[in-house]
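2 protein chains.
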Amino acid sequence: MATLTVPVTVPSPAEDCEQLRKAFGGWGTNEALIISILAHRNASQRRLIRSTYSQIYGEELLKSLNDEISGDFERAVILWTRDPAERDAMLANEAVLRWKPGNPVLIEIACARTSSELFAVRQAYHTLFKRSLEEDVAAHTTGSFRKLLVPLVSSHRYEGPEVNMKLAKSEAKILHEKISDKAYDHEDVIRILSTRSKAQLIATLNQFNNEFGNAFNKNLKSDPKDEFLASLRAVVRCFCCPERYFAKVARVAIEGLGTDENALTRVIVTRTEVDMKLIKEAYLKRNSVPLDRAVAGDTSGDYENMLIALLGA
Amino acid sequence: MATLTVPVTVPSPAEDCEQLRKAFGGWGTNEALIISILAHRNASQRRLIRSTYSQIYGEELLKSLNDEISGDFERAVILWTRDPAERDAMLANEAVLRWKPGNPVLIEIACARTSSELFAVRQAYHTLFKRSLEEDVAAHTTGSFRKLLVPLVSSHRYEGPEVNMKLAKSEAKILHEKISDKAYDHEDVIRILSTRSKAQLIATLNQFNNEFGNAFNKNLKSDPKDEFLASLRAVVRCFCCPERYFAKVARVAIEGLGTDENALTRVIVTRTEVDMKLIKEAYLKRNSVPLDRAVAGDTSGDYENMLIALLGA
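Protein sequences, first through last, are from chains A and B. Residues 296 to 608 in my numbering are what the first sequence spells out, letter by letter. Residues 296 to 608 in my numbering are what the second sequence spells out, letter by letter.
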């Protein structure tokens with residue numbers, strides 16, 4: 296379901312590093328060469344390139360990239376080149392330090408990764424920032440958001456397929472009661488969303504739909520401007536339909552006056568190796584335009600070329 | 296700091312299994328032989344014995360032990376023989392399913408283990424119970440206890456030595472305010488206790504002592520029967536002085552009418568390979584009686600022999 300394309304015969308890490316070094320040298324940076332290498336290597340290949348580069352040239356590849364390129368292109372290349380866990384830790388740290396209600400990055404990292412991926416992010420966070428992710432989230436967020444986000448980023452959900460239908464029924468009822476009372480941040484709502492396994496949660500939400508005649512998320516639209524309700528909807532969508540969730544994040548980033556490059560970059564670099572094919576299908580279905588074409592129409596230059604390469608063009 | 300004694304020349308796992316099989320066979324079980332083997336092997340040696348045993352005899356060692364021995368002796372041998380993470384997952388599950396306020400087992404597992412040990416417990420919990428630890432804790436506890444225990448068992452604390460003294464000062468002040476207002480389960484109290492690194496937390500508690508003239512825990516004794524206050528004190532003691540904390544659990548288990556065998560077994564099997572030497576020193580200092588002698592005076596038979604062997608006699 297990934298859109299990453301890797302050449303049939305991959306050059307050795309040392310050859311890749313030599314080419315990258317060439318791209319950085321001379322009179323101007325050769326951005327096309329950088330893209331032709333890094334945008335076509337998977338996570339473990341990129342990791343090898345990074346370690347080989349620092350062995351050969353005594354400098355971090357990310358540092359060289361940082362010196363040579365800039366702007367949205369730089370951000371896309373550097374985020375992409377990082378290890379997924381490290382990249383998520385960076386994104387989470389940014390989201391926490393510049394915390395504003397409604398920022399969905401922490402929810403994506405907590406709910407649209409596997410349990411072991413989320414744990415790897417928490418380990419990377421220790422290494423990079425000398426603090427824990429939940430510690431920073433708890434210290435920088437407040438109110439209902441804190442109540443929701445701290446358990447979400449701390450969770451280590453069971454990932455088996457087992458479903459307890461009796462539990463699904465009783466918890467669908469609890470959710471319905473609390474939502475009907477507009478107790479959106481009630482501890483039981485948060486407990487159910489932040490601790491149950493994905494399979495159990497989906498069963499509960501299906502049960503909610505069967506029993507009460509409309510989807511849980513439909514009940515969270517009473518105030519379209521309420522950022523907490525939007526966060527709850529994002530949690531549910533990251534579990535139930537991540538491809539449609541990310542297609543929408545991309546659409547919102549592209550639509551309107553000015554592109555939200557950070558959001559667009561985030562969707563593409565974090566999903567290219569995961570489910571970008573599905574996101575592209577969802578995007579096309581919803582918008583009647585291929586995502587590649589929408590991205591090409593809204594971005595330009597090396598940044599455009601980098602994103603389009605990751606989208607598998 | 297462990298009291299485990301392992302022979303200089305350790306028999307092969309196959310030899311150990313053969314001896315154990317002998318101990319199980321014949322007219323009666325040879326409990327002394329079981330103790331002489333299992334109570335003198337470390338965690339990785341026991342793991343090898345378990346896997347070798349099931350390969351040779353087509354039966355789990357724990358199942359054979361379960362068939363052959365009983366009572367407190369059985370519980371001690373089986374808990375000891377398990378992997379530490381698996382053992383903690385079992386103890387946590389028991390504590391959760393028979394939840395009563397004031398049960399300190401979850402606090403010990405959350406606060407007197409390293410971050411990676413706690414994470415291993417959470418992984419073992421998935422494997423054994425097909426649910427997550429935090430999911431069960433959230434579903435079976437209520438009120439202030441839930442507010443405290445869910446973040447504690449979900450934490451993955453940073454373990455570096457870095458301390459932010461400004462933060463220690465400001466959080467000591469927050470703790471003092473909340474405790475003075477008797478807001479013991481205030482979200483900031485729980486946030487500080489459940490997310491900060493051990494080094495940072497100890498700095499904050501020292502700062503509390505310096506600034507306000509007495510120790511944080513002394514402020515949590517307003518009602519000696521309040522189980523939530525006892526839980527907060529246990530959190531602090533598991534971080535600051537685990538050896539004195541466990542010495543006290545052992546003392547309370549031994550003292551009074553009837554021994555609390557479950558608590559005594561738990562302290563000994565969970566700490567023998569960790570810090571039992573320090574616990575014995577703390578016990579002697581506080582009670583003027585060696586822990587071994589107190590245990591021998593209060594237990595009997597094979598159970599006594601097993602505990603005494605683990606205590607390094």
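It should be emphasised that the hints constitute simulated quantities derived from the structure, not laboratory data. Keep in mind that a hint or two might mislead.
Copies of the same chain look alike in the list, so a pair counts if it fits in one copy or across any two.
As the list claims (entries may be wrong) - Subject to a maximum C-alpha distance of 27 Å in a straight line, what follows is the list of computed DSS-like cross-link-like pairs (lysine-lysine):
{"#": "1", "residue 1": "Lys468", "residue 2": "Lys580"}
{"#": "2", "residue 1": "Lys425", "residue 2": "Lys461"}
{"#": "3", "residue 1": "Lys442", "residue 2": "Lys317"}
{"#": "4", "residue 1": "Lys516", "residue 2": "Lys464"}
{"#": "5", "residue 1": "Lys464", "residue 2": "Lys520"}
{"#": "6", "residue 1": "Lys442", "residue 2": "Lys477"}
{"#": "7", "residue 1": "Lys425", "residue 2": "Lys477"}
{"#": "8", "residue 1": "Lys461", "residue 2": "Lys358"}
{"#": "9", "residue 1": "Lys395", "residue 2": "Lys442"}
Hints versus structure:
no.: 1; hint: Lys468 to Lys580; verdict: neither (33 Å within a copy, 55 Å between copies)
no.: 2; hint: Lys425 to Lys461; verdict: between (43 Å within a copy, 16 Å between copies)
no.: 3; hint: Lys442 to Lys317; verdict: neither (50 Å within a copy, 56 Å between copies)
no.: 4; hint: Lys516 to Lys464; verdict: within (23 Å within a copy, 42 Å between copies)
no.: 5; hint: Lys464 to Lys520; verdict: neither (30 Å within a copy, 38 Å between copies)
no.: 6; hint: Lys442 to Lys477; verdict: both (16 Å within a copy, 21 Å between copies)
no.: 7; hint: Lys425 to Lys477; verdict: neither (38 Å within a copy, 32 Å between copies)
no.: 8; hint: Lys461 to Lys358; verdict: neither (54 Å within a copy, 32 Å between copies)
no.: 9; hint: Lys395 to Lys442; verdict: both (15 Å within a copy, 24 Å between copies)
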